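Engineer: Here are the chains, one letter per residue:
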Amino acid sequence: MDKVQASKIVETTSPLAFAGVRNRIATIAGNTFREAVRDRVLYNLVLFVLILTGAAVFIGEISGGQERKIIVDLGLSAMLLFGVFIAIFVGVGLVYKEIERRTVYAIFSKPVGRSEFLIGKYLGLCLTLLVNVAVMGAGVSLALIYVSHGWDQLVLTIWPAILLIYVELMLLTGVALLFSSFSSPALSALLTFFVFIIGHFSADLKSLSGSMGSVAARWLFASLYYLLPNLANLSFITPAAHGQLPDPSRVAVVVLYTLVYIMITIAMAAMIFSRRNFK
Amino acid sequence: MNYIASSRERWLMLIVIVGLVSVAGLSRWLDTHRPPTGTKIAEEQLYLNGATARRISLAFNGLAADWYWMRALQYVGGKIMTVPPSVPIDSLGQLNLKLLAPLLDTATTLDPQFMEPYEYAAVVLPDVDLQQAILITKKGIAANPLAWRLYQHLGFIYWQQKDFQAAGEAYAQGAKLPGAPVWMEAMKAKMAVEGGSRELAREIYGRMYEQAEDDQVKNMARLRLMNLASLNDRDALLKMLSVFRAKTGRCPSTWKETEPLLRALNMNTDSTGAPLDPGGTPYVLVVAKCDLNLDRNSKVPRK
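If you're matching them up, the sequences are chains D and P in order.
Take 467 as the starting number for the first sequence in my numbering and just add one per residue.
Take 4 as the starting number for the second sequence in my numbering and just add one per residue.
Hints were generated in silico from the structure; no laboratory data involved.
Here the structure is a predicted model, which is why all the values come from computation and not from measurement.
Hints may contain errors.
As the list claims (entries may be wrong) - So these bits of chain P aren't anywhere near chain D, every CB distance computed over 10 Å: (1) Gln97; (2) Lys101; (3) Phe167; (4) Lys193; (5) Glu202; (6) Arg248; (7) Pro255.
To be verified - Simulated restraints, written as ranges between beta carbons of each label pair: (8) Thr85/P with Ser649/D: 52 to 62 Å; (9) Asn52/P with Gly526/D: 26 to 36 Å; (10) Gln619/D with Ala192/P: 33 to 43 Å; (11) Leu608/D with Asn269/P: 49 to 59 Å.
Note that beta-carbon positions come from the ideal geometry of N, C-alpha and C, so glycine has one too.
So here's chain D without its partners, still in its complex pose (with noise of 0.2 Å):
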């Protein structure tokens, strides 16, 4: 190793090379939150009030005295939903409108790593996402409460499967990250959108592998298994609805699947970006 090298070393990992890469990141993370409450992206709250508020008034009607569990059902459902969609729509768009509006160049003529910039644009994604999430949680907490006309065991049992929606609205924003570095907007939104629907049919690709006859199919099917992720495990809407708890050791390593799956998809994504030409 050459002296040179040894200073780029000794330059990048030191307290304050550190404490400047945490600066620009946290300062382009709260740019991006700042364009997405400016491009009106938690206006979907509204609507997500409006599609609660009308199931608690209306539910009990046709429920069969189900509401409780429906107010849960439906409003965890609909947060996952919407959230997918943020990721999904926000999340091609995140890297795609910098170069498009030519913004990127003025940022990296400042001392801005690509990898701080995507990295930055991620969480500052995952910060709007978990503000909402927060506030779609408190407004299913709130109607939980108007149901069942007073306090509800459920309003706090339901927060462990928020907490699996938000790290599973993580990974699909990495995700849609990953393929917005390499393809247009409308691609990575299909793409990513597959992803989800196929992470959710992991089951199917196992029991798919284990009845295929052929040894090239049952190992192609294996490694899609394992290669994408697999989102049931982070599914824990229905078993909330009945006040069920999940045991905190499997959601432990159920997060820590999640961070690594989306430390591989910023990993690639930022190595791709690194590649690109701009000019």
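Guided by the hints, dock chain P onto chain D, whose structure is given.
Structural biologist: Showing chain P alone in chain D's frame:
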């Protein structure tokens, strides 16, 4: 800043409003002039079976289960409009509820822990499709092996079919589960000794009334309890009428004549002295036959 709409914008606004009113009117016309749907189409089997619906519902299987559950309620509700309110929901066999079993089966496949469809299947379905009622309840037991109430439902289905041995076994199995009430254990012995008795029926419907969460099931249990109470009333009143005839050599022409005997029975009466059924409607005296009957407007079910 005040915004003043230009005349062009006012015209456009008018077109939008008139357009909306017109489409609402046209839609109404189309609804009222819609040709009646053939029963074959209306009762067409569901496109998706439960397993397929579960697979394609992604993470939304709970919501899809709620949808099928509400569809099942609407389906029964739509048909029930044609029968009098005093007909309990466990006697709806004549309504040809062909879609009820697949709807409940799909709801419980989508969300196997959703208990209300099982309760509904145990109460409403036996009169429509007994085998499906048993299958759905057993499927529920397999998915929720610790839910003693599912054994109560299974026992109820067998008891209705007068299979007292199977009913007793179902209650006994349920009694072994944690949290099962003490009376579940006693049910096995009662089934063996007094399977077809009115007293046991009263206990079964009484327990169902206490435990049921679904309003329709609760109401059914209430109607059944009223029917059982009325059967006891009628037995006592018939005995009283035969005592009257033995004493006087004729049948009473009005309830008033039987007042002292009625008082001994400790029954509620109205201002004319007629005894009231458990729904609060006076019994009708059939003078010619020295018999009595429920009033046409009685809330007590006839069977």
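Engineer: Closest CB-CB distance from Gln97/P to chain D, is it above 10 Å?
Structural biologist: The claim stands: Gln97/P keeps its Cβ more than 10 Å from every Cβ of chain D (closest is about 22 Å).
Engineer: At 10 Å, judged by beta carbons, does Lys101/P keep clear of chain D as stated?
Structural biologist: Label holds. Min Cβ-Cβ 20 Å, cutoff 10 Å.
Engineer: Is it the case that Pro255/P keeps its Cβ farther than 10 Å from each residue Cβ in chain D?
Structural biologist: Given that every Cβ of chain D is farther than 10 Å from that of Pro255/P, nearest at about 46 Å, it holds.
Engineer: Report holds if the minimum CB distance from Arg248/P to chain D is greater than 10 Å, and violated otherwise.
Structural biologist: holds, 49 Å
Engineer: Minimum Cβ separation between Phe167/P and chain D greater than 10 Å?
Structural biologist: Non-interface label on Phe167/P holds, nearest chain D Cβ at 30 Å vs cutoff 10 Å.
Engineer: Can you tell me whether the CB distance of Asn52/P to Gly526/D sits inside 26 to 36 Å?
Structural biologist: holds, 30 Å
Engineer: Do Leu608/D and Asn269/P keep their Cβ atoms within the hinted range of 49 to 59 Å?
Structural biologist: Check passed, 52 Å falls within 49 to 59 Å.
Engineer: For the pair Gln619/D and Ala192/P, does the Cβ-Cβ distance stay inside 33 to 43 Å?
Structural biologist: The hinted range 33 to 43 Å holds for Gln619/D and Ala192/P, with Cβ atoms some 37 Å apart.
Engineer: Over 10 Å from every CB of chain D: does Lys193/P meet that, or does the non-interface label fail?
Structural biologist: Lys193/P is indeed farther than 10 Å from all Cβ atoms of chain D, at 29 Å.
Engineer: Once the closest CB in chain D is found, is it more than 10 Å from Glu202/P?
Structural biologist: holds, 30 Å
Engineer: If I claimed the Cβ atoms of Thr85/P and Ser649/D lie 52 to 62 Å apart, would that claim hold in this structure?
Structural biologist: holds, 58 Å
Checked against the numbered hints above, the structure violates none of them.
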